[in-house]
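Trainee: Following the hints, position chains B and C against chain A.
Chains as they are written, first to last, in this note's numbering: chain A, 192 to 748; chain B, 9 to 173; chain C, -4 to 88.
Hints may contain errors.
[To be verified] Mimicking SDA-like on lysine to any residue, the simulated pairs with C-alpha atoms at most 25 Å apart in a straight line are:
hint, chain 1, residue 1, chain 2, residue 2
1, A, K288, C, I84
2, B, K160, A, E464
3, C, K46, A, A290
4, C, K17, C, A4
5, B, K38, B, A69
6, C, K45, B, A86
7, B, K140, A, E215
8, C, K45, B, P136
9, A, K471, A, Y193
10, A, K288, C, R76
11, C, K45, C, A4
12, B, K160, A, D205
13, A, K439, A, L614
14, A, K518, A, N591
15, A, K521, A, N684
16, B, K165, A, D205
17, B, K165, A, D474
18, A, K466, B, G104
19, B, K165, A, K669
20, C, K45, C, D35
21, A, K288, C, Q67
22, B, K160, A, N684
23, A, K437, C, N57
24, B, K140, B, I45
25, A, K518, A, E721
26, A, K437, B, P63
27, A, K669, C, R74
28, A, K453, B, K38
29, C, K45, A, D474
30, A, K288, A, A219
31, A, K668, C, E63
32, A, K669, C, Q67
33, B, K160, B, A71
[What the hints assert, rightly or not] Derived list of chain B stretches under chain A, where covered just means 3 residues or more per stretch with a C-beta under 8 Å from a C-beta of chain A:
hint, stretch
34, 85 to 93
35, 110 to 119
36, 122 to 134
37, 151 to 160
Since the hints were made in silico from the structure, they are not lab data. Beta carbons are placed, not taken as given, at the ideal position from N, Cα and C, and that holds for glycine.
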Amino acid sequence: MYRYDEFDHTFVNDRVAQFRDQVERRLAGDLAEDAFRPLRLMNGVYLQLHAYMLRVAIPYGTLNATQMRMLAHIARKYDRGYGHFTTRQNIQYNWPKLADTPDILADLASVEMHAIQTSGNCIRNVTADHFAGAAADEAADPRPYAEILRQWSSVHPEFTFLPRKFKIAVTGAKDDRAAIQVHDIGLHLKKNDKGELGFDVYVGGGQGRTPMIGKKIREFLPEEDLLSYTTAIMRVYNLYGRRDNKYKARIKILVHETGVEKLAAEIEAEFNELKNSELKLPDADIQAITSYFAPPDLLPRAEGWANLASWKKADPDFARWVDQNVKPHKHPDYGMVTISLKPIGGIPGDATDEQMELVADLAEEYAFDEIRISHEQNIIFPHVALADLEPLYRALKPANLATANSNLITDIIACPGLDYCALANARSIPVAQEISERFGSPERQAEIGELKIKISGCINACGHHHVGHIGLLGVEKKGAELYQITLGGSADNETSIGDIIGRGFEPEKVTDAIETVVDTYLGLRLSPQETFLEAYRRVGQQPFKTALYGGAAAEAA
Amino acid sequence: MTKIWNESGFQNQDPWVIETEETKAGSNEKPILPLNIFLEKAQAGETGLGVLIQPADDVKALAPHLEKIALAAVSFPAFSDGRAFSHASLLRERLGFKGEIRAVGDVLIDPLPLMLRVGITSFAVTNPVAIKRLEEGRLPGIDNHYQPTARKSEDPKSYSWRRVS
Amino acid sequence: MSTSQVLTANRLTDGIAVWYDKAGNWNEWIGRSEVVHTKDDAERLEAIGKKAYANNEVLDVNLVEVEEIEGQIRPRRLRERIRAEGPTIEYMI
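Excised from the complex, chain A in its bound form:
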């Protein structure tokens, strides 16, 4: 993974000093809240319902054991002993004191981490496929480019006061696991026939109030043009994105209102002026950054095969965990492990400082010191020898980190919701907990198969509900919580926004409604091999609508 050089260390330390000065001025009353607010946001400090919240960047979801230990230390020293991993591969702390935040940032800087631009109307954390560098279907590792974009976008003076936040995601695999089509810019790294690397560029995807799927505006942008082309997009957005209405200020609205061809032409025109500027990426620089992401030295561990077979035979729980949470690696003796942060009835995406410490230790012992955070709020060890799966599992189990539910119905994505978030209209965590409990039995989960439930506590869609196979949107109606169900959303290669099925459900009725949806699916699927999403795409919403709302809904159709 990337390691800071002296330039990076100086930068991040200067940034901490800058913020420390701003906080001191704020606490002394020399800096008013209006002027301070964008500054603190650009250092990840939010104000939430109960307290401040600090969002720490985990660049493209990659970190090592030393960094994970620091995250644990921060949870312990400055917070209440836990952190929340988010749908943008970051971590959030819910109880920091403003006066402590400069010290927290200094601690982070000591391990090459920061909270720069994790909020505010600027370019946010660039996210990437959590299986990057390990997945068999990858053309190339997208993370070097995510790192180049991360550096280039850091305190970019022209793009520090955008109309609104800006989110970029990169993937390098055939199957998009980074949800690039619901990002402001989505980059699909590919190889052409000559073996050269380039990007298909998507623009204007996003969720929230007006979910939209990104439009491909550029086919195979050569890698050397990455910064010039991105600059062109950003400049056009900065100049023409709406600033009159917060809810219409993302680039997706600009694409929609301008028309994709016209906007693409404007971007292309700007790009042509920048193409041969100092923004062109020299091959040597790309190679230098790429070299940081060289895969670990994976020695043959063929004994893993036989061991695994016998371990699975001896322990069905272990077998279930391997089958569900371990995906094939490029190297046949290795696997990509998902460490679930969704224990049955637990808080999705949360981890205690003790769990973080354990993950750090295990990463060093079994995973070549490489950890990822997925946008599905789980921890990933991308490189684990099959021969080490059993001892790893044994170590994870007592810490409640071995739930065998990756991609199953209890692997729920949920935003913090009204329990924490000042923007929320309804709670998401208790809803997730109840659904998880109802469907917690391993047999039931296995029967249902792959089913992604995503829950957002408000229209901002931080829980990504629009792209859930089943999405739940919490709203406030007459002072009470109500949950709208959407079906058939997906963030895969055929990205789709879920269909709103009908009127919402009260909190006490939601889990039953989910059960109705699941039973309907089980009743109409062609075989256990037909997943929920496949079945939905085959039959559409009607059978589910009828099951949930009765025959009247069928007649009204």
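Mentor: Showing chains B and C alone in chain A's frame:
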């Protein structure tokens, strides 16, 4: 009250006044004109003009008239409106304007180092905290940069996108 | 005006939700809040809030509606109840 600052310090004899319906430039003052009026005068051959670029203006309209501009002002009606950063960048890098670019409007101390980097060279400052910090000569910027900008800075002999002040 | 209201905000230093109490302090517990029932009193509280904001003591100052039930102060809105009582879920064990 508004003071004019550049990297040589506060300027006491600044003659420029933003012309509005209510305010016109006096006898010892020079008007900073709205874009449409500037274009009329420039097309008529006048020189030594001041022009104000509002956020929604097209700064490229200045291209045929650069030598007639004595002062280009870029407006920040609210500090959060970042369009002027692009205007200044284009004015310097695309149009090649070498004259004075002034930030007017909601000019605060924390964004000021960013304004310098995009090629803005003078600042109409009203905010008392900003004035105080400028009097003390304490700008809150960071010297290491991760992107080339309109204002050229040093090459730290590192990756192509890095610069240093 | 027939509603009861209290003044709430978040403390600048640590962001903790606080309520303006009968002793004139910003209190972490809603139970001691000064409850107002008239428009004049509400305006008085609002002025206190504005002053505290300008004085950099608190952020996000608001009057919120409450009910007084058997001596307990209960916010009408769920959001404010959660703010007063804390997250409705248990922390990680």
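Trainee: Indicate, hint by hint, whether the structure satisfies it.
Mentor: Right, here's what the structure says about each hint:
no. : hint             : verdict
1   : K288/A to I84/C  : 22 Å, holds
2   : K160/B to E464/A : 18 Å, holds
3   : K46/C to A290/A  : 22 Å, holds
4   : K17/C to A4/C    : 15 Å, holds
5   : K38/B to A69/B   : 21 Å, holds
6   : K45/C to A86/B   : 22 Å, holds
7   : K140/B to E215/A : 16 Å, holds
8   : K45/C to P136/B  : 21 Å, holds
9   : K471/A to Y193/A : 21 Å, holds
10  : K288/A to R76/C  : 22 Å, holds
11  : K45/C to A4/C    : 11 Å, holds
12  : K160/B to D205/A : 21 Å, holds
13  : K439/A to L614/A : 17 Å, holds
14  : K518/A to N591/A : 20 Å, holds
15  : K521/A to N684/A : 21 Å, holds
16  : K165/B to D205/A : 20 Å, holds
17  : K165/B to D474/A : 16 Å, holds
18  : K466/A to G104/B : 17 Å, holds
19  : K165/B to K669/A : 62 Å, violated
20  : K45/C to D35/C   : 15 Å, holds
21  : K288/A to Q67/C  : 29 Å, violated
22  : K160/B to N684/A : 42 Å, violated
23  : K437/A to N57/C  : 22 Å, holds
24  : K140/B to I45/B  : 35 Å, violated
25  : K518/A to E721/A : 20 Å, holds
26  : K437/A to P63/B  : 17 Å, holds
27  : K669/A to R74/C  : 13 Å, holds
28  : K453/A to K38/B  : 40 Å, violated
29  : K45/C to D474/A  : 57 Å, violated
30  : K288/A to A219/A : 15 Å, holds
31  : K668/A to E63/C  : 23 Å, holds
32  : K669/A to Q67/C  : 23 Å, holds
33  : K160/B to A71/B  : 21 Å, holds
34  : 85 to 93         : holds (count 6)
35  : 110 to 119       : holds (count 3)
36  : 122 to 134       : holds (count 4)
37  : 151 to 160       : holds (count 7)
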